[in-house]
Amino acid sequence: MKNILLVDDLGIDVMLTRLALQEFAFDHQLVVASDGAEAFEMIREQRFDLLLLDIKMPQVDGFELLARLRAEALAGMPVIVVSGSGLAADRERAQALGVDDYVQKAVDYTGFKRELKAALVRQGCPAG
Amino acid sequence: MHRTNFIVREPLLDPRQRVLGYELSWQQHDGRVPTGLDLEGLVGFVAEHVNHVDQGWLLRDKILFLDAVPAMLSTDALHALPPERTVLAFDIRQLTDVDVRSAVQAVRAGGVGVAIRGCDLTLLGRNLAPYASYVEVRFTGVDVADQARTYASAKHSSLRMVGRPVGTWADFDACAALGLDAFVGKLHLTPRPGNPVKGMNPSQQIILQLMQMVQANDDVGRLESVLKRDPALTYKLLRYINTAGFGAGREVQSLRQAISLLGYAPLYRWLVLLLATASASGYSLVLMETAVVRGRLAELLGQKALGRGAGEHLFVAGMFSLLDRLLGLSMQEVLDAIQLPDEVVKALTKREGSYGPYLALAEACELNSNLVASLAANLALSPSDVNEAHLSALAWAQSVGLDG
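As given, the protein sequences belong to chains A and B, one line each in that order.
Numbered per the working numbering, the first sequence spans residues 1 to 128.
Numbered per the working numbering, the second sequence spans residues 1001 to 1404.
Keep in mind that the hints were calculated from the coordinates and are not lab data.
Be a bit skeptical, because a hint or two may be false.
Taking CB as the label site, the calculated pair distances span [unchecked claim]:
1) Asp1061/B / Glu23/A: 38 to 44 Å
2) Asp27/A / Thr1035/B: 33 to 39 Å
3) Ser1158/B / Asp49/A: 34 to 40 Å
4) Arg1138/B / Ala71/A: 41 to 47 Å
On the chain A side, residues computed to face chain B include the following (Cβ under 10 Å) [said to hold, decoys possible]:
5) Gly11
6) Ile12
7) Asp13
8) Val14
9) Leu19
10) Gln22
11) Phe24
12) Gly84
13) Leu87
14) Lys105
15) Ala106
16) Val107
17) Thr110
Because the structure is a prediction, the values reported are computed rather than measured.
C-beta: ideal position from N, C-alpha, C; glycine also.
Excised from the complex, chain A in its bound form:
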């Protein structure tokens, strides 16, 4: 079973991601944090197999969380950024911080699911 941490402040995005993961029907447990600070504490306390991370969040955003994880040598798990931003600068910055995959939130659910599924498979999650 994959232990996944989803970090996103928006309820609708959390629900959509959770729904997509359920529809992929692979064995997983999802834990949700609503910002980078909360996620940081969770990662210090338990091991996750995968991090699904939004970038734009209040207080500690996704970039800052990634920087803190690297500084504390806690960035051992694969990281998939799931962001509404399609800016090249955001992608480049994410890559520089060691992100493994970048999923841009699509305008329709089917597209979002397809992109997320492809990223999960690339990161070794058997998303059926």
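Take the given structure of chain A and dock chain B to it, following the hints.
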């Protein structure tokens, strides 16, 4: 869409068992899911038929829940509906697009209600309020109370929760006790157990006597003397006659005046209505309202083919088809107590005769039944005919003021 398919409705109840509103949707015919364009058309059709140019919103305090797609958010017809009485129900998957979310926020800011389906309710409270005024709770399995408990504990104060499908009154009670705000299910056809009504009370006995006298064209003076035995009945009868547009063109102040203006036949329908609503306890408002809508819908559906004269009989057939449940009697006991024309009896017992098919069609509109299309086709009624009659009956039932 209104020319090719049928509107079906489900009532929404509040925790006090009052009919909060109706959910309207296109019947999913032959497994075909309504397209975005179909659903966009639903708003337009509803706006055209329940929002009167002069009289405004014809459904009084009722809220309409409409199956929605993002295209509805910018349709002109949406602006023709009163925002405080309109709730657009979206599947959460439709809110993936940030532009759609912005449009949803804009209509929310304008006062239109938005319900979200498919929510993970353990995540309620995470910034849903800008997008939604309702979230829909889907019940599955047998332990509805247990599920409702989970949902109630996750409830966010600014969001109202709609439970579906709530199929029994026991489930309804469990959900109401746990703080859910509205319920969708088949309760409109189920008498409320506990404190059961059985048979007719003294007021209903008087009404029954009056019905028999009206059928026999009895003298007005004799009718008045029977009615005088229960002053509350007189008041209620005149209120019904005046609020629902008896057609007299002015306020009717006495039974004698009503009969002299319009004759005996229309009076019978108001007595049937009184009979159904004169129970002191145990009835459910939703069952009563369903009976009124059904009666009026059967009447409107048959008007074109059978003429106005048949209207009273069709109305009576529709009302009587739920009178057994309202009175806690078997249909045979009802028919033994009240003399009805043979054609009405045939409709009630077998859905046969000249009125039976119209009654069956009116019933099917309450049940998202696949029979709606074939029943309408057999009566040479187009979907537009049925849909217009359906919304008109819904509006008429509000004008009667059952819970007023």
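Verification of the hints:
1. Asp1061/B / Glu23/A: 38 to 44 Å: holds, 39 Å
2. Asp27/A / Thr1035/B: 33 to 39 Å: Hint holds: Cβ distance 36 Å, inside 33 to 39 Å.
3. Ser1158/B / Asp49/A: 34 to 40 Å: For Ser1158/B and Asp49/A the Cβ distance comes to about 36 Å; the hint holds.
4. Arg1138/B / Ala71/A: 41 to 47 Å: Distance hint for Arg1138/B, Ala71/A holds at roughly 44 Å.
5. Gly11: Interface hint status for Gly11/A: holds (3 Å vs cutoff 10 Å).
6. Ile12: Check passed: Cβ of Ile12/A comes within 5 Å of chain B, closer than 10 Å.
7. Asp13: For Asp13/A, the interface hint holds, since the closest Cβ of chain B sits about 9 Å away, which is under 10 Å.
8. Val14: holds, 5 Å
9. Leu19: Holds, about 7 Å.
10. Gln22: holds, 9 Å
11. Phe24: violated, 14 Å
12. Gly84: Holds - the Cβ of Gly84/A comes within 10 Å of chain B, reaching about 6 Å at its closest.
13. Leu87: violated, 14 Å
14. Lys105: With a closest approach of 7 Å, the Lys105/A hint holds.
15. Ala106: holds, 7 Å
16. Val107: Holds: closest Cβ of chain B sits about 4 Å from Val107/A, inside 10 Å.
17. Thr110: holds, 8 Å
Hint compliance for this structure: hints 11, 13 are not met, and every other hint is.
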